[in-house]
Amino acid sequence: MAKTWTAAPHPRFASQAPGASKNLLGVHGNWAAEIRDAMRMGEIEPFVPSAETANAEIPTSFDSATNWPDCAKLIGDIRDQSNCGCCWAFAGAEAASDRMCIATKGATILPLAAEDVCFNAGGLFSSGCNGGQISTPWSYIKRTGSVTGGNYGGTGPMGGGYCSAFSLPHCHHHGPQGDDPYPAEGAPGCPSERSPPGPKSCDADASSEHSDFKADKYSYTGSTQSASGVSNIQQMIMEGGPVETAFTVYTDFENYAGGIYKHTTGSVAGGHAVKIVGWGEENGVKYWKIANSWNPYWGEKGYFRIAHGEGGVDDQVVGSSASATWGKKKA
1 MAKTWTAAPH
11 PRFASQAPGA
21 SKNLLGVHGN
31 WAAEIRDAMR
41 MGEIEPFVPS
51 AETANAEIPT
61 SFDSATNWPD
71 CAKLIGDIRD
81 QSNCGCCWAF
91 AGAEAASDRM
101 CIATKGATIL
111 PLAAEDVCFN
121 AGGLFSSGCN
131 GGQISTPWSY
141 IKRTGSVTGG
151 NYGGTGPMGG
161 GYCSAFSLPH
171 CHHHGPQGDD
181 PYPAEGAPGC
191 PSERSPPGPK
201 SCDADASSEH
211 SDFKADKYSY
221 TGSTQSASGV
231 SNIQQMIMEG
241 GPVETAFTVY
251 TDFENYAGGI
261 YKHTTGSVAG
271 GHAVKIVGWG
281 EENGVKYWKI
291 ANSWNPYWGE
301 KGYFRIAHGE
311 GGVDDQVVGS
321 SASATWGKKK
331 A
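Counting from 1, position 228 in the sequence shown corresponds to residue 228 in UniProt numbering; the numbering is continuous, with no gaps.
Be aware that one or more of the hints could be misleading.
With a Cα cut of at most 30 Å, we get these calculated DSBU-like pairs of lysine-lysine [said to hold, decoys possible]:
#: 1; residue 1: K200; residue 2: K3
#: 2; residue 1: K262; residue 2: K301
#: 3; residue 1: K329; residue 2: K286
#: 4; residue 1: K328; residue 2: K200
#: 5; residue 1: K73; residue 2: K214
#: 6; residue 1: K214; residue 2: K262
#: 7; residue 1: K142; residue 2: K105
#: 8; residue 1: K105; residue 2: K329
#: 9; residue 1: K301; residue 2: K73
#: 10; residue 1: K286; residue 2: K200
#: 11; residue 1: K286; residue 2: K142
#: 12; residue 1: K3; residue 2: K105
#: 13; residue 1: K142; residue 2: K330
#: 14; residue 1: K328; residue 2: K105
#: 15; residue 1: K330; residue 2: K3
#: 16; residue 1: K200; residue 2: K214
#: 17; residue 1: K262; residue 2: K286
#: 18; residue 1: K214; residue 2: K286
#: 19; residue 1: K200; residue 2: K330
#: 20; residue 1: K330; residue 2: K105
#: 21; residue 1: K142; residue 2: K73
#: 22; residue 1: K301; residue 2: K3
#: 23; residue 1: K105; residue 2: K262
#: 24; residue 1: K142; residue 2: K329
#: 25; residue 1: K286; residue 2: K3
#: 26; residue 1: K214; residue 2: K3
#: 27; residue 1: K214; residue 2: K142
#: 28; residue 1: K73; residue 2: K286
#: 29; residue 1: K73; residue 2: K200
#: 30; residue 1: K262; residue 2: K142
#: 31; residue 1: K329; residue 2: K214
#: 32; residue 1: K105; residue 2: K301
#: 33; residue 1: K330; residue 2: K214
#: 34; residue 1: K286; residue 2: K301
Cβ pair distances, simulated, as ranges [unchecked claim]:
#: 35; residue 1: T325; residue 2: G266; range: 29 to 35 Å
#: 36; residue 1: A33; residue 2: K328; range: 31 to 37 Å
#: 37; residue 1: S231; residue 2: R40; range: 32 to 38 Å
Note that these hints are calculated values from the structure, not bench results.
For each residue, glycine too, the CB sits at the ideal point set by N, CA and C.
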């Protein structure tokens, strides 16, 4: 079978053993089984498409940013988890931000803070840079709310001025250096990170609108849902926007530079949480379009494409229901 993707290793990592990216792969254990356990306990509901969605034809290609142009800037905000295994929090905060914007019909266009979710949403299976589960961001945001917050230094399309920007620096994450201006993982300026204390107040440079930590919390009422399998996930995205998922990363993924990823060689490095924004087909290969949290210079401008079924990427996804009501968290 012809290879569908391009690999381009970075010289910085040439001396490292395969699997050096495991610091970034923060999904613990069997995430799909964990989601199913939460469903059995009633914490997460199975996604059932509305009659309108169920009767609609699933298109060959779909992109959330195109489908909801009022939320396109937010959906396209590629973030950077630094040298920290909080992918689970980033993917959740990003997908929740998107679904909040979509649910409010573009009235609330705000990035929810990965800083808050990653370092305040600790629990039995979630612990900041040490990793977590993909259900945790949703239970935290629903129960406690998340403040606003974007990238380190206010970079990216959403800019700064929010309550709690991510506090760990930008890094280059494997693959070709290209135009990436950030230091490589493990180099000066990008050390392996430990979790800082969770924020309890807003940043000093937060705008007046986002300067009160307790008043800046956003949450939702309604259900948290999970879909499984290609068509069910496509319908969930069509109905309410991007979703959080996880997949098994093999060591060859460290060198991804573009194309539709399929595991070719190498051993398991870990589990990684990401945000599915859409899907498509190229040369007969059906794929998911996914936003990573390894900065916008990585991969295909921060995104990657992965074949359906690869690494368990479509085993179980999670997100707030399309009918959820979003707004400021009531005290």
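Does the structure keep K142 and K329 at a Cα separation of 30 Å or less?
-> The given pair, whose Cα atoms are some 9 Å apart, holds under the 30 Å limit.
Are the Cα atoms of K286 and K3 separated by 30 Å or less?
-> 14 Å, holds
Holds or violated: are the alpha carbons of K286 and K200 at most 30 Å from each other?
-> 44 Å, violated
For the pair supplied as a hint, K286 and K142, is the alpha-carbon distance within the 30 Å limit?
-> Violated - the C-alpha atoms of K142 and K286 are around 33 Å apart, more than 30 Å.
Has the given pair, K73 with K286, been kept, meaning a C-alpha gap of at most 30 Å?
-> 26 Å, holds
Mind checking the alpha carbons of K330 and K105 for me, to see if they're no more than 30 Å apart?
-> 21 Å, holds
Holds or violated: K214 to K262, with C-alpha atoms at most 30 Å apart | 44 Å, violated
For the pair we were handed, K200 and K330, check the Cα-Cα distance against 30 Å.
-> 17 Å, holds
Quick one, are K142 and K330 close enough, alpha carbons at most 30 Å?
-> With Cα atoms ~11 Å apart, K142 and K330 stay inside 30 Å; holds.
Under the criterion that the straight-line Cα-Cα distance not exceed 30 Å, is the pair K330, K3 satisfied?
-> 52 Å, violated
Given the hint that K105 pairs with K301, test it: the Cα-Cα distance must not exceed 30 Å.
-> Holds, at roughly 26 Å.
Determine whether the Cβ-Cβ distance between A33 and K328 falls within the hinted range of 31 to 37 Å.
-> Holds, since A33 and K328 (Cβ atoms, about 35 Å apart) stay within the stated range.
The structure does not agree with the numbered hints 1, 3, 6, 10, 11, 12, 15, 18, 23, 26, 30, 35 and 37 stated previously, though it agrees with the rest.
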